[in-house]
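Q: Let chain A serve as the given structure and place chain B on it in line with the hints.
Top line first, the protein sequences correspond to chains A and B.
Here the first sequence stands for residues 7 to 117, numbered as in the numbering used here.
Here the second sequence stands for residues 114 to 224, numbered as in the numbering used here.
Be aware that a few hints might be false.
In silico lysine-lysine, PhoX-like type, Cα no more than 20 angstroms apart, as pairs [unchecked claim]:
1. B:211 with A:77
2. B:164 with B:223
3. B:223 with A:63
4. A:63 with A:77
Hints were generated in silico from the structure; no laboratory data involved.
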Amino acid sequence: NAGVTQTPKFQVLKTGQSMTLQCAQDMNHNSMYWYRQDPGMGLRLIYYSASEGTTDKGEVPNGYNVSRLNKREFSLRLESAAPSQTSVYFCATNRGRSEAFFGQGTRLTVV
Amino acid sequence: GQQLNQSPQSMFIQEGEDVSMNCTSSSIFNTWLWYKQDPGEGPVLLIALYKAGELTSNGRLTAQFGITRKDSFLNISASIPSDVGIYFCAGQLSNTGKLIFGQGTTLQVKP
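Here chain B stands alone, though its shape is the one from the complex:
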């Protein structure tokens, strides 16, 4: 079964609000990736994290690689309507190299 637990499953927020989502697992990862997917498209990378404790920003997005290597979070500040979509975390397992995904967080932004 799914080894990554992503929460929340969905969010409906007002434009301008900040957003936070996270992924946790019992497994250890050597890489964390955060993706956004628009309808009918493949996932597109937002942020990549390669080191435990690493905190990386990309514009209004900030993500961190948990110190235990079992979790990661993504924050979006000052949300805008084009932030709407499905956000996925993905972790590369240290023992096998497999890249597995969370269930996704569906974000809706009300103007």
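Isolated chain A, as found in the complex:
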């Protein structure tokens, strides 16, 4: 029972490179989220998907794109990474009004 799995766990990118963060859940939840966490800022919502095929912007969507491939997977793409995107990224999932379960995080450094 993996819950929420994020890959990779660590990544270093050069400015301008692109990459995709993967998230998969085996909890059969409809809602999935991508957050970034920076010191003193809490978790800020990047994108939200209420169900397969739907996505919605969160508080800080600029520089990111997402894809809800199916019910299980929700990916986050950085098309042209910038140093300001250095952060810890968390994927989460829940079923409507319920607790959200989190992955272990992806630590991204852009140099």
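A: Structure of chain B alone, referenced to chain A:
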């Protein structure tokens, strides 16, 4: 920007003392969640609240869903060293279903 205001930002207390933290917003929520995060880990749920006015306890922790649906508080009684960590409130917006987080309260406990 951030729609949830969490306070205090940090607390340094003596073991055995009680702790109180709260979150407020101008938005209306249908769910309030309180999480704790240890270094290098994802947030872990402490208490979930689903109804305005609801008061829920989990051991030494007590949380309440504000009657206006715009605020919540968390109390920790008789703190112990393992209570150290970052505590986050999270609210699910009634109008969009998005789950957003406060900035966090960093708790340090002196033995």
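Q: Hint by hint, note whether the structure agrees.
A: So, going through the hints one by one against the coordinates:
1. For the hint pairing residue 211 of chain B with residue 77 of chain A, the CA-to-CA distance comes to about 17 angstroms; that is within 20 angstroms, so the pair holds.
2. For the hint pairing residue 164 of chain B with residue 223 of chain B, the CA-to-CA distance comes to about 35 angstroms; that exceeds 20 angstroms, so the pair is violated.
3. Note on residue 223 of chain B and residue 63 of chain A: the hinted pairing is violated, with a Cα-Cα distance of about 41 angstroms set against a maximum of 20 angstroms.
4. Distance hint between residue 63 of chain A and residue 77 of chain A is fulfilled; the C-alpha atoms sit about 18 angstroms from each other, no more than 20 angstroms.
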